[in-house]
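Asks: Given only the sequences and the hints, what does the whole structure look like? Please build it.
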Amino acid sequence: MIKIDKVIQLTAYMIGLIGFVPVASYLPIFTSIFILLLISIAFFIDFRGNKHISRKFLTTIALFVIGGTIIKIIQSGDIVIYAVQALSILLVVKFFEEKEFRDHMQIIAITLFLLASSSLFSLSMWFLVYVFIALFLITSQIVLLTFHIEDKKMQFEKKAFWRLLMTSLPMPLIAVPAAIIIFFILPRTDFPLFSSLNQQSMTKSGFSDSVELGSVSDIQSNDSVAFRVKMKKIPANKLYWRGILLDTYDNNIWKSSGDTLSSKSSRKVIATSKFQSTFSSEIIEQQIFMEPDGSYYLYALNTSYQISGYRHIIKTGNIFKIRKPLTKRIKYDALSRIDTNLIENSIDTNRYLKLPDMVDKIISLANDLKMNSSDKTAQYTLDYFLDGTFTYATKGLVISETPLKDFLFTSMTGNCEFFASSMAVLLRLNGIPTRVVGGFKGGYYNETLGYYKIPNSNAHVWVEAWIDGVWKTFDPTPASIQFFTKLPGNNIQQIMSQFADSVIYYWNTLIIGYDFSTQLEIARGIGNSFKDFINIKTIVILILIFVGGYGVVFIMNRRGRFEFNKDKRLIIKFEKLLQSKGFVRLEGEGLEMLVTRVTNEDLRIHANKFIDIFQSNFYRDRDLNNEDIQKMKKLLGKMSNCQNK
Amino acid sequence: MTILMGFAAINTGNNLMYLLVSFLLAIMGISGFYGLKNIGGFEFTISPAIEIYANRETYISVEIVNKKKWMPSMLLWVGIDDNFKLINFIRSGQKITLKIAVVFNSRGINNIDQIVVASRYPFNFFIRKNVIQIGKSVLVFPEPVKCESIKSFYDKSRQAGDQNASNIDSREELSGIRQYAEGDKIRDIHWKHYARSFSLKTKEYSGQSSKPVMIEIDEIEASNMEESLSKAVYMILQILNNGIPVGLKLNDIIIKPNIGIKHKIDMLNKLAEYD
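Protein sequence lines correspond, in order, to chains A and G. If you use the numbering used here, the first sequence corresponds to residues 1 to 645, in order. If you use the numbering used here, the second sequence corresponds to residues 1 to 275, in order.
Since the hints were made in silico from the structure, they are not lab data. Nothing here was measured: the structure is a model prediction, and the numbers come from that model. Watch out, some of these pointers could steer you wrong.
Here are the computed lysine-lysine pairs in the PhoX-like style, where the Cα-Cα straight-line distance is at most 25 Å [what the hints assert, rightly or not]: (1) A/Lys-566 / G/Lys-68; (2) G/Lys-67 / G/Lys-136; (3) A/Lys-158 / G/Lys-69; (4) G/Lys-85 / A/Lys-158.
If the Cβ cut is set under 7 Å, some of the chain G residues that face chain A in the computed set are [stated by the list, open to error]: (5) Ile-10; (6) Ile-30; (7) Gly-32; (8) Ser-223.
All C-beta atoms, glycine included, are put in the ideal place defined by N, C-alpha and C.
Replies: As structure tokens, then:
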């Protein structure tokens with residue numbers, strides 16, 4: 001036999017844990033361990049049947065915890081972490097109490113609050129798993145508690161217990177479709193009051209305003225996803241994602257001085273830079289889902305000319321900067337033209353030529369690479385790095401006070417920023433205005449869902465040189481494009497990794513990325529399709545269909561033919577028949593009463609038989625069977641044959 | 001709490017919180033649906049006891065069939081006139097018979113108008129009720145009230161039939177057996193027959209009783225008619241219990257003395273219906 005109170009006790013602990021586990025890792029480790037230890041002790045006390053600690057004492061502790069939390073929040077201003085800590089302690093207090101119905105409900109409430117708070121720390125898909133387990137446990141628990149209220153000592157045979165659970169457990173599953181609909185229609189706002197409470201940990205993986213030689217390899221060592229781009233597939237060698245522009249080189253560090261072209265922080269600002277008009281290159285539309293990387297830059301396919309859907313400032317060189325470091329997942333749209341170079345008729349050449357003092361060896365190399373035109377010099381310098389003497393590596397990079405010199409003449413091995421820096425320096429030494437562009441290269445295309453996944457390990461820098469009024473792109477890094485576009489591992493691993501990413505992609509795009517603007521878009525979409533649909537002709541047709549339909553329904557209803565319920569249809573016929581014999585059923589009059597007024601005896605006998613059959617079924621909440629219906633129909637026939645008297 | 005979380009979701013713009021709120025709302029909706037389904041879809045058959053006396057507790061047998069195609073029902077309180085019985089679990093298609101104790105306060109036709117099915121299931125947030133109209137009539141006999149003058153009726157019958165009152169319980173020979181009826185004496189039960197067939201039969205004796213007793217309502221000492229009827233019921237039950245034929249004279253109605261369950265019910269019916 002299964003004792004219901006024991007099951008309730010056990011489930012309460014499972015519920016509490018499913019609420020605490022998701023937040024445990026965000027609390028100080030000792031706090032988490034301490035709380036788990038206390039929960040274990042409470043569990044032990046409960047199941048040993050030991051005496052519970054007095055409620056008054058525990059309530060006092062709870063009050064102290066709440067008071068302390070308020071003071072801590074006021075002192076530190078960090079609401080979330082202290083609130084979560086307090087909730088966890090309150091959960092422990094509840095476990096130590098002798099638990100009545102309301103205590104169990106309080107445990108459930110605390111668990112739900114803890115689960116909700118966990119979403120302020122992480123937007124991972126694990127949340128859904130926790131929510132599902134919690135909902136299964138909570139629905140079962142409340143059902144069990146409902147039984148417990150009726151009989152505290154209730155016991156079940158195993159089979160009966162499973163039957164009970166099997167009826168109640170599907171509730172969360174049945175709720176899924178409704179929950180999805182509710183999720184999408186619940187009102188969103190563009191300006192949440194307490195969005196600062198969201199403190200999802202983000203990996204500071206992106207580019208910052210300055211890039212030190214060797215620092216990009218830090219970004220490259222991170223396998224996490226930088227962003228995903230929904231767009232059509234394009235040739236792999238065109239996959240350069242533009243993010244930051246570095247124009248000042250000093251002390252082995254590239255920096256961005258970045259003047260603002262448009263400080264208008266509107267949602268839609270078109271870059272003022274012009275494109276080389278001779279190219280009729282295709283416009284590539286992208287929808288970008290960016291992970292929070294703590295950086296200030298929005299990425300888009302090189303060369304992007306418009307970004308919309310997220311507030312930004314446009315900087316020189318089609319760079320889209322945001323005001324605050326990115327701490328949440330965002331979605332924006334971008335328009336780019338590949339195979340296109342930016343045109344700038346006049347530039348501040350000093351800025352793009354400025355260099356710190358260079359060692360003679362580098363200056364002489366620059367001289368060796370100088371040709372009779374800027375174009376040729378640039379091409380020759382590019383070839384110098386790509387001719388096979390240099391090798392690409394992301395590990396074991398030069399660490400010295402003169403990294404550029406050591407790279408160029410000693411190790412000849414480096415990652416993209418060594419190549420780009422070297423080329424930029426050599427071009428500047430030869431009087432060609434040059435800058436370094438930071439972003440990403442390549443990406444892994446998901447053919448099924450049509451999006452590129454760009455991991456941080458694909459971080460890349462390349463060079464832009466201003467030649468004949470145009471910023472031309474050069475990538476001196478001798479790494480094969482395969483390196484940036486082919487997933488590691490065998491086929492199965494690749495498929496698995498793509499599948500896993502597809503799930504995350506859906507999660508991010510459909511759930512996490514769903515916001516007021518998407519809601520508005522959908523509403524507008526529905527509105528527009530409605531507008532397209534509505535014109536005078538359709539309105540007239542709709543009115544005609546409505547009026548016609550209503551008329552048919554009205555007439556059928558009057559004749560009692562529209563009643564699909566067999567019982568009611570028969571009763572309507574019965575009433576009509578008596579009406580034709582001159583006995584109109586009065587308002588509120590029962591059938592029996594109506595029949596008592598019938599003067600013709602035969603008619604009354606048949607009518608009474610009819611009512612008997614009807615009522616014997618009706619009062620038993622039973623539908624009429626065929627036999628009864630036939631009998632009733634016969635009686636109606638007999639009634640209609642009776643003479644009017 | 002869901003509202004509080006909804007507020008938190010809107011003000012943090014956190015979609016996971018929205019997700020949690022959506023699930024809570026959906027489950028609340030589904031629980032409403034479960035709750036409604038739980039208390040509906042039954043077929044009831046009511047069978048009252050044959051003898052129901054006013055102001056005496058009687059059991060009404062309520063047979064419930066769960067007609068729902070797949071869903072069982074749980075924690076059902078089934079009641080007649082505020083007298084409820086709990087059914088923990090009834091499977092789809094299962095039939096359960098409950099005996100619900102009811103007291104009718106007046107003799108004559110009483111109506112059991114409705115059966116109430118109530119439940120807290122699935123969540124103990126509120127109790128849902130389903131009232132099923134049944135419109136069942138039962139005839140309630142007058143409450144038996146002890147009558148001191150019963151002896152005078154025996155005496156009267158003795159005078160009439162020259163029968164010794166002390167012999168009222170005498171019997172002659174076994175004349176037959178019949179189906180056991182409520183109120184039959186234990187000693188009249190045919191135990192041998194029961195041992196063979198496990199069905200209760202009552203032995204009947206020829207000339208079992210003493211001379212028949214005729215109860216005349218007008219002659220019962222009582223302050224009002226209701227009391228007379230109640231006392232008459234008491235006497236009928238007592239005398240028949242002693243195996244003596246009893247008859248009834250109620251104004252113009254005369255029922256000749258006899259024994260047997262049908263005869264008893266006939267007399268009690270007349271007393272119940274007396275207007």
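Asks: None of the hints should be skipped; say for each whether it holds.
Replies: Do the hints match the structure? See the list:
{"no.": "1", "hint": "A/Lys-566 / G/Lys-68", "verdict": "holds, 19 Å"}
{"no.": "2", "hint": "G/Lys-67 / G/Lys-136", "verdict": "holds, 21 Å"}
{"no.": "3", "hint": "A/Lys-158 / G/Lys-69", "verdict": "holds, 23 Å"}
{"no.": "4", "hint": "G/Lys-85 / A/Lys-158", "verdict": "holds, 24 Å"}
{"no.": "5", "hint": "Ile-10", "verdict": "holds, 6 Å"}
{"no.": "6", "hint": "Ile-30", "verdict": "holds, 5 Å"}
{"no.": "7", "hint": "Gly-32", "verdict": "violated, 11 Å"}
{"no.": "8", "hint": "Ser-223", "verdict": "violated, 38 Å"}
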